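Chains as they are written, first to last, in the working numbering: chain A, 5 to 226; chain B, 26 to 236.
For the record, the hints were derived by calculation from the structure and aren't laboratory data. Here the structure is a predicted model, which is why all the values come from computation and not from measurement.
Subject to a maximum C-alpha distance of 20 Å in a straight line, what follows is the list of computed EDC-like cross-link-like pairs (lysine to aspartate or glutamate):
1) A:7 <-> B:96
2) B:199 <-> B:173
3) A:7 <-> B:97
4) B:199 <-> B:217
5) B:177 <-> B:97
6) B:199 <-> B:189
7) B:177 <-> B:49
8) B:199 <-> B:183
9) A:7 <-> B:135
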Amino acid sequence: MLKALGCVIRRDLLLAFRRRSDVVTTLFFFIIVVSLFPLGVGAEPGLLRTLAPGILWVSALLASMLALGRLFALDYADGTLEQMLLSAEPISVIVIGKVIAHWLVSGFPLVLLAPLLAVQFDLPADSIRVLFLSLLLGTPVLSLVGAIGAALTLGVRGGGALVSLLVLPLYIPVLIFGAGAVGAEVSGLGASAHLLLLGGGLAAAVALTPWATSAALRIALE
Amino acid sequence: MTLQGYQLACSRGERHLFTDINFEIVGGDALRIAGTNGSGKTSLLRLLSGLAYPAAGEVRWNGQNVRRAREEFCSELIYLGHANGVKDDLAAWENLTVSATLSGHPISREQAWHALDLLGLGDVGHLPTRALSQGQRKRVALARLWLDQPPKLWILDEPLTALDRDAVAHLCRKLESHLAAGGMVVYTTHQEITLGAGRMLTLALGEEARC
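Chain B on its own, in the form it takes in the complex:
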């Protein structure tokens, strides 16, 4: 199982954010996208998830362009962007059930509650998420990672914002166990975290971008 970026380029209007990005990761690898504000980290993650088209090059999943193998790719993908993707009017457990069903892995109510319990949301899981704090909402979005048999590829855009120190440690342990089980993680963060991974790669944008 591989994720490959081949000569990726992205431009916003006249400005070229990055050109000629090449990398390849396999199961067990963690790839951190580093760079200053505005260097195109989020744009790159959106390219990788298939939400946006690259200006040049292609993203390949197991050697196939993700555009062509969309459904196969998406069923192996969890993408968590800046927006949490959490509905304010739905309860936490309803949010989790809906997003799991749509990603092609339907879960029961018990499984949803179990994942929320693991994240310390057991007491507030029945409340509409509008009543929750910013950090708690982030946890609701992240709860998909705690479901059984999660997809292999996790693309996480700033997963640590708004989380407290315990939650950060908890998430890091989860990422490590996912990597140990042969998963892949692509993430951006401004906080220093260390993960025990097969390979820890860093792709620095804004400079000579190579990895």
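Bound-form chain A, shown alone:
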């Protein structure tokens, strides 16, 4: 089972490496969206400091949404997804492998970039630390939950827009606690409650979503 998990992760990372441009596109999307806000709302430091956690989180949400299309669609088109469903391993193991690889190339770089972008909003160091932690806990949830939407919309025309309608409402709790963590830290309440809730969300998503995603894949391929 671990062999299959490792095999899927290695395969997807290798494929992502051979199609680097796709990965870089998502990253630049994130950077550009974040950088547009100061231009739009004006360069008043106090305002930007308040807005920064929300802006970074919403941009991370949109960027990870953009990357969802690559999760299953290409494998679906060339028939390799079919072969995965016929694997002797449980399908949820394969789904977990694919989601881990997907997060490593589309979620984790956002987590690493966010502190750097937070500097341009003049966030204090403590807030940046909390932001980093909240993204580290929150972006895997986005990938896990998004996988269900990506699987359900396989082979559907206009699947890209549909997946946002399906998945964005499910992202709301992550957004509230993720961006809220930074706000709580600034107000002196401490971010630990928010971070613990995010951690709990991650644990629940790890336990439940691979199962839902494999069911969705079965339906999509029938």
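Use these hints to put chain B onto chain A, whose structure you have.
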């Protein structure tokens, strides 16, 4: 070891493709699914492989419904459909290693190269398959059949398309040796091929479907 179709039926929307298909094959048997375009050959093969649910009836592997014995069944199955299941960005040998590992029979790099050599892909096995011709890609997909100790049941949907005459003969010999070793083959094809099998069965769809 048996594969049994019991009162299988399949419908697409309002249209009934076939109903009440019954057959049973054992080791050494070859079953050809015949029928015109649109008669449901591919749908039947997808039912047999467990990718799709039948509208009625069930597929049984050693007497058990394949849905319930999924992992046991899948480790004895090679299904090659219309789509080759070959990744364009991976080299031929990488494709072969990944699909072998996922089907539950991990292989070494040497074994992958050996199978590719047998199919005449030794010179191009390191290229991304996007650089290969249609027939060569088909061979990459088929290379799983040339690995040591392959699964017992082969379900092949049009395995001969895009292959040249030598490759067709080569594949037929491989199928014969698999059957002689007690394997089973279920296939569709529009080309006439003759296999020396224990039993050669044909299931004609679109008419009174019986075998």
